[in-house]
Amino acid sequence: DAKTTQPTSMDCAEGRAANLPCNHSTISGNEYVYWYRQIHSQGPQYIIHGLKNNETNEMASLIITEDRKSSTLILPHATLRDTAVYYCIVRVGNNFNKFYFGSGTKLNVKP
Amino acid sequence: GAVVSQHPSRVICKSGTSVKIECRSLDFQATTMFWYRQFPKKSLMLMATSNEGSKATYEQGVEKDKFLINHASLTLSTLTVTSAHPEDSSFYICSATGTGGRNSPLHFGNGTRLTVT
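Sequence lines, in order, name chains A and B.
Under my numbering, the residue at position 45 of the first sequence is numbered 46, and the numbers go up by one with no gaps.
Under my numbering, the residue at position 87 of the second sequence is numbered 1356, and the numbers go up by one with no gaps.
Source of the hints: derived by calculation from the structure; they are not laboratory data.
Keep in mind that the hints are not guaranteed to be accurate.
[Said to hold, decoys possible] Computed, partial: chain A to chain B, Cβ under 7 Å:
no., residue
1, C13
2, Y47
3, Y101
4, S104
[As the list claims (entries may be wrong)] What the simulated footprint calls covered on chain A by chain B, stretch by stretch (three residues with Cβ under 8 Å from a Cβ of chain B suffice, anywhere in the stretch; the number is not a length):
no., segment
5, 27-36
6, 40-46
Since the model is a prediction, treat every value here as computed from it, not as a measurement.
Note that beta-carbon positions come from the ideal geometry of N, C-alpha and C, so glycine has one too.
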C-alpha cells in the first residue's frame, strides 16, 4: 500500500549535506509527502511535509519536483545523531488519511 | 510540540493471557489514532485506524478479535492483544493526529515491546 520507493541505504560524512531521494510516481494531486525518521527501538519522529512547494524547517528541507513524482529530503549538516531509518510517506488522500510506511532508507552518518 | 504517550514501554506476558496497551495524546485532541506493528529490521505495518466513539477499521489480514481497539475519548486509545501467543511478540506503536486532516502530521508514541513467553 505504500506509494513510495527509496534506496535501501546511504552513507554520508559527518558535517556534509545528506540528500535522501524518494520516488512517488503515482501520487495524487491532494496527497501530501511526509518524511519521518526512526532511531532504533523508538517511535518515528516527524521531520517535514509538503504538497507542492519546497519546504524548510529547523531540521531539514524538502524539495518536491514540479511533477510531484519525486522528492528529496536534505539534512544540511549531518551529525552522527542523524543516523536512522528515514521514511518517505505519501499520505493517502481518501478515508482517514492513512500513513503507509515503505521500506525506508538507512542513513549512516560516518565520522 | 504534540506529544503522544504510550504505556507500557515493555511488557512480558505468558501465552494465553491478554495485554492492554494505552496510547494518550497529552496536549491535543486526537480525532484519529493509528496502531502499527513492527518486526525486527522491518518497516511499520498499519494494523488499524480508530476514531473516537466509533468502531476501529482494520487492515486486511489483521484479526479484529485478536487485536481489540477502543478509542473511548479524544485523548485515549487502547489496544488489547487477546489470548497472546509467542507469534504476537512484536513492537507495537500508536500514533495520533488532530483536526488538520491530511495537512496535519501524525505524532507517534515511543512504542511497546511485547514479549509473549
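Evaluation of the provided hints:
A cut of 7 Å between beta carbons decides the hint on C13/A: the least distance to chain B is about 21 Å, and the hint is violated. Taking 7 Å as the C-beta contact cut-off toward chain B, the hint placing Y47/A at the interface holds, the least distance being around 5 Å. For Y101/A, the suggested interface contact is upheld, since its CB lies about 6 Å from the closest CB of chain B, less than 7 Å. About 5 Å separates the beta-carbon of S104/A from the nearest beta-carbon of chain B, less than 7 Å, and the hint is met.
Chain B is given as covering the segment 27-36 of chain A, and this holds because 4 residues of the stretch bring a CB closer than 8 Å to a CB of that chain, at least three being needed. With 5 residues having a Cβ less than 8 Å from any Cβ of chain B, the segment 40-46 of chain A passes the three-residue criterion, so the hint holds.
Hint compliance for this structure: hint 1 is the single one not met.
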